[in-house]
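Asker: Each chain is listed here by its residues.
4 protein chains.
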Amino acid sequence: MLKFLDAGESHGSCYVGIIDGMPAGLEIETDSVDRLLFERQNVYGRGGRMAIEKDSLLILSGVRGGKTTGSPIGLMIKNRDYENWKEYMQTMVGIKEGKEVTVPRPGHADLAGMMKYGCDDARDIIERASARETVMRTAIGGIAMLLLKTFGIAVRAHVTRIGRATAVCDNLDDAYWARVENSPVRCGDANAKGEMIAEIDRAKEAGDTVGGIVQTAVLNVPAGLGSHTAWDDRLDARLSAACMSVQAVKGVEIGMGFEAAERYGSEVHDEIFYGGGKFYRKTNNAGGIESGISNGETIIINCAVKPIPTLSQPLASVDVRTKGPAKAHSERSDICAVPAASIVLGAVAAWEIAAAFLDKFGGDTIDEIKNAYGYHITRMGKL
Amino acid sequence: MLKFLDAGESHGSCYVGIIDGMPAGLEIETDSVDRLLFERQNVYGRGGRMAIEKDSLLILSGVRGGKTTGSPIGLMIKNRDYENWKEYMQTMVGIKEGKEVTVPRPGHADLAGMMKYGCDDARDIIERASARETVMRTAIGGIAMLLLKTFGIAVRAHVTRIGRATAVCDNLDDAYWARVENSPVRCGDANAKGEMIAEIDRAKEAGDTVGGIVQTAVLNVPAGLGSHTAWDDRLDARLSAACMSVQAVKGVEIGMGFEAAERYGSEVHDEIFYGGGKFYRKTNNAGGIESGISNGETIIINCAVKPIPTLSQPLASVDVRTKGPAKAHSERSDICAVPAASIVLGAVAAWEIAAAFLDKFGGDTIDEIKNAYGYHITRMGKL
Amino acid sequence: MLKFLDAGESHGSCYVGIIDGMPAGLEIETDSVDRLLFERQNVYGRGGRMAIEKDSLLILSGVRGGKTTGSPIGLMIKNRDYENWKEYMQTMVGIKEGKEVTVPRPGHADLAGMMKYGCDDARDIIERASARETVMRTAIGGIAMLLLKTFGIAVRAHVTRIGRATAVCDNLDDAYWARVENSPVRCGDANAKGEMIAEIDRAKEAGDTVGGIVQTAVLNVPAGLGSHTAWDDRLDARLSAACMSVQAVKGVEIGMGFEAAERYGSEVHDEIFYGGGKFYRKTNNAGGIESGISNGETIIINCAVKPIPTLSQPLASVDVRTKGPAKAHSERSDICAVPAASIVLGAVAAWEIAAAFLDKFGGDTIDEIKNAYGYHITRMGKL
Amino acid sequence: MLKFLDAGESHGSCYVGIIDGMPAGLEIETDSVDRLLFERQNVYGRGGRMAIEKDSLLILSGVRGGKTTGSPIGLMIKNRDYENWKEYMQTMVGIKEGKEVTVPRPGHADLAGMMKYGCDDARDIIERASARETVMRTAIGGIAMLLLKTFGIAVRAHVTRIGRATAVCDNLDDAYWARVENSPVRCGDANAKGEMIAEIDRAKEAGDTVGGIVQTAVLNVPAGLGSHTAWDDRLDARLSAACMSVQAVKGVEIGMGFEAAERYGSEVHDEIFYGGGKFYRKTNNAGGIESGISNGETIIINCAVKPIPTLSQPLASVDVRTKGPAKAHSERSDICAVPAASIVLGAVAAWEIAAAFLDKFGGDTIDEIKNAYGYHITRMGKL
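Protein chains in written order, with numbering that gives the first Met the number 0: chain A, 0 to 382; chain B, 0 to 382; chain C, 0 to 382; chain D, 0 to 382.
No lab work stands behind these hints, which were simulated from the structure alone.
Wrong hints could be hidden among the right ones.
When chains are identical, the list treats them as one kind, so a pair holds in a single copy or across two.
[Claimed, not checked] Here are the simulated EDC-like pairs of lysine to aspartate or glutamate, each with C-alpha atoms no more than 20 Å apart in a straight line:
1. K2 / D231
2. K203 / E266
3. K381 / D366
4. K148 / D173
5. K326 / E266
6. K2 / D232
7. K281 / E270
8. K95 / E28
9. K381 / D119
10. K381 / E99
11. K85 / D33
12. K53 / E194
13. K326 / E270
14. K77 / D33
15. K53 / E180
16. K77 / E38
17. K369 / E96
18. K2 / E99
This is chain A alone, in the form it adopts within the complex (with noise of 0.2 Å):
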């Protein structure tokens, strides 16, 4: 079974992560790793931190020669602002005074989490809590994609929104994603990207900050991945636990969505052709996953991303420690956090497609895998 673990602090030394139950002989590089790193740090409307970090990922273990081994991969990414942060920070050593933080912010873990852990200086909480974390979860995601990719699988996300500008995209082809990449708010839209850049603006001026959504596409996904018989394994169950688990997101759809609530049967469900020797659809409302289980279309998720809740124009709050009213704790932060979330979400979600593909196809080796996966196409070819 596929898992891992992760670490880190924003302002500590590094971030680290262990990922256990990759299959021996994949072949890692970590150009394509990084790459999401440097997209994730470099869109529009992240603020200044982004200038310090160059955020690369060192593997530590699990992988020689560049392919893996079987054993469990040890990875880090290192915090250049921790030399910015020491005396704050270090982990065996007294720390000095004066990063305090006891004024919560409204919308982070600030509070609730000075509750859960009982203590009165924030600054433990929003350590862990910012979303400098999803920088390794982003890592882990990465490696992941090296494995659908020996398969032919294919994440992309994009922003189709920002505050009130929102993108056209009926047509997810590849010159599309290709604008993506070069957008700087990762919109392939020409119009939508100058109105988000707009948006992101304006919120920047008004010391505010602002939302967004991204929608995830997984192409070239096997039907059969994920299962109906409990839930804890459907497919759509495990996606959106990983997506509404990074930071900001407030709502999930997988396919239509919330629009589909509004609708009749007969205008939602995608009916069943077949050609070609195998089954099709011609809409795609279900976003690629039928009780649970992958169809074989392209898998569709949408994700609301909140503002972010460090403004520069702080919130009223309350200082925990005198009870009186204060103006929220302002951290260095970013003013629109959706096209790196765009990264974040693509990330998380291969990783569940990933870890559902090896729940199907089990082996220790990418060898054994490809015979499975093999044996299951050809099958459903004869369904």
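Place chains B, C and D on chain A using the hints.
Answerer: Using the frame of chain A, we list chains B, C and D on its own:
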């Protein structure tokens, strides 16, 4: 750790469930669980099957004289309809022909399940994929509600949309919830209720089905459940998976959900105030969860429920044996699952909240948990 | 991932079990499972309870017409004795007084359980702690054996010691196993068999109980199950937990076990040879597992089974209500659990091997697994 | 739920570990952990590698200013020897030839691992299978010991046999444990100590290796950890898996272990007495666990450690490439792992006890756990 498994098929002899990890000393009364099962069956829009079943929970073990002992709880709900299906569904004796399903229904597990399990009769798929399976998950959630009730936590769910009919529900007070309980579509807005019924009637006349939205509210949840420290401990992630795993759900929102994607941070985040010895908010756009941790406000979840895939005017499909076009299989079914889904969604939310509650407060007995809970509540007041 | 839960009490109405993750297409025949249940009951040394019970497995779901469907398998075994205990053991109606246990038995769960669950009546503890619970685990292991049998893997268990009587069992051939099946103490050594019976008789006359050793052999396990890469994937760790979890087991050995502690490496390790297209050993001191991975030799496990804690001449104890000295509670019980434990230990080993087997070969159907298994076997020949 | 993952290879750059679920507010001091790592290295019978390494634990995250924050704890231990192996072991750059292992060592993972992972160079297997991996598990157990120490629980481990030399250790008092700490073979019996050293010397001279027995004692464990209610919650099952997962362990006993198999019940079970406000025993044959629950007595575990499989006078084996007979690969190794294994076995036992402790007492902070622990202790006294 609280966990469960369930088994059973729609036309099999029964559903069984096992709950592991429920503390000792919890008073069990099955009336409240049976009331949920009754409501799940007796709402507007359900089909003929529900005239046959009178669901009632049998507790087989783990409870003695009305109190849990700490041992696993064995549960059973019988299917009355089994008598009519025995020859086709018995487990250990050869089955009679005549109930094969070879034309998959668009929108259901049928085709994806056949491709996954390599069979050309969808009967083995649809029997488990059927939403009737939620009868056991509802009962299991009903047991979880008894634990929550001991600590003053209540779970409420209602219908806020069916097709084009939407409820106005700004004030979720006791009177509103009372109206929900008395509404055949589980909607507390009298105007919307009538429109919802009309939507269902229209769909029925057209041989069609219709979707909607369910809102779940969990009242009086203490701050501090879930955690920001690991992705799969986040309460929103867990709730999201649980809700998305319910048949027909295609979207999940926490609090403001997708609307937050259109807004500025200053419009979204719930400012923090202090008074009467505790922190409070005047708004609840976060839906009671910040960074994966409950914050003490009501937890609000919205779920999009798609129209049921079984239409009496069936959609175009393919016979998997002949590969020729055919009308989709039509099994006796409901017109609108949304009111029934509201019972199920409340139950699965209750389960996840209970699991997170026990994660925090530990303990093998209700007494121990009360001690831990009291300590936490007192400490929060001192923060 | 293969997993199960079970529930039930010794004098409750029934035991239930749910198996999740068994592939589709496995032929189930309950005769072989019932044969295990029969043997578990009808061996020498058992007490009066077994005259009441005639254990038989009911399959409630997950199997249709004798074949698994991939859905969770619901299982039930009824307790005939419940009729005599109903008033004291019913789940939802107030129970009658008269079966309280306030004097804990040394060696059993009674006192530790009361301290854990904060109760002063051990009845709620002993009903679940009773070794009768293994009736369901035996059935679940019996289902796992059917999967293993499909791939030529067989699990055998026999008694090698009771008290001071030890078997000579150098040659575990078919004739030996046949003698085991025909022996009331499940020992294939004719001399030892008689001594074992005499040991049990002596204990019975003395109002005492007696322990022994069970050896389990798993034949024809392919190399490559389990893994050295993570501690909890090691096959020996998993088997060890499963065996130690069986009531009364106090020691587990793989292969040479504790004898290896007294030896030099040159006396212990099984040299490697090649011939007939495969690697082989002339000795099997490792017991078929090296570094947590099956190596293709027979897996050998020895388990120490302590004497049953319920003595008809009870030991000194304390009444937990009065705190005064008292003779331990005496519930109708067996004299020697070792022959019955051999059935249980074979079953739990079968379960773990099956789980590791599916971990390696994946697959949702028997056909897929056969394809993956064939690929592995062929590849090993080419190594 | 307390859990961990670890990664790393024997000649890779480092081992990393991540602990998830450790409560906030635990004081961490690495000196006691480093002391374990030192003892693991600096005992009699170790080989040349240990002259190169000076193991020391780095804490990367999850701890701030010497206290846990509740966030995952990132750990690292560097391999000094990596400098000598870099060209052969680097993760992302092509590796140099010259360290292939094609003749598997009997008794080690080599052949089974190659068959599992389909490779003909055992280097990728042996690097992870090496017992050096226990350096990280020792550190992780060392962190668990700090939690246990907060509640007065202490873990001690010593060597009771090496080859034919056995210790007399009837009185495990403080003086005994002090002698263990000062003994190069970690044995508190002065006579046996000398014989043990002689056994190791004899093995070394003969180019051989030698096995032994480690006993672990966990002092002051409260009654009520683990549970009889489900097989995988049983404390003995969990401890057994943890111990058996340690390299070279082939047998595990709780308390009297295999000796109980030779005895009558009246000789084995520990009678129950009451005095001084609590229940107690005069004997501890159960080894502190009855029916999978700690009973308040010292937990006693014995483990059989087989001789190390790497012999300087290597055993017969086969070259997997040529299939011709060959002497097994000889990698620099120890003569006797038993004293070092005692450190590791104490550490893994500490981990399991800590996990069961947190299962019972829950809580996100040390304060909460102290409250829950106090409640339990008080209640037990009132039983």
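Asker: Could you run down the list of hints and mark each one as holding or not?
Answerer: Taking the hints in turn, this is what the structure says about them:
no., hint, result
1, K2 / D231, "both (15 Å within a copy, 11 Å between copies)"
2, K203 / E266, "between (41 Å within a copy, 14 Å between copies)"
3, K381 / D366, "between (23 Å within a copy, 14 Å between copies)"
4, K148 / D173, "within (16 Å within a copy, 50 Å between copies)"
5, K326 / E266, "between (49 Å within a copy, 16 Å between copies)"
6, K2 / D232, "both (14 Å within a copy, 13 Å between copies)"
7, K281 / E270, "within (7 Å within a copy, 47 Å between copies)"
8, K95 / E28, "between (40 Å within a copy, 18 Å between copies)"
9, K381 / D119, "between (64 Å within a copy, 10 Å between copies)"
10, K381 / E99, "between (65 Å within a copy, 18 Å between copies)"
11, K85 / D33, "neither (25 Å within a copy, 23 Å between copies)"
12, K53 / E194, "neither (28 Å within a copy, 56 Å between copies)"
13, K326 / E270, "between (55 Å within a copy, 10 Å between copies)"
14, K77 / D33, "within (13 Å within a copy, 24 Å between copies)"
15, K53 / E180, "within (19 Å within a copy, 48 Å between copies)"
16, K77 / E38, "within (17 Å within a copy, 31 Å between copies)"
17, K369 / E96, "neither (56 Å within a copy, 28 Å between copies)"
18, K2 / E99, "neither (34 Å within a copy, 30 Å between copies)"
The structure shown violates the earlier hints numbered 11, 12, 17 and 18.
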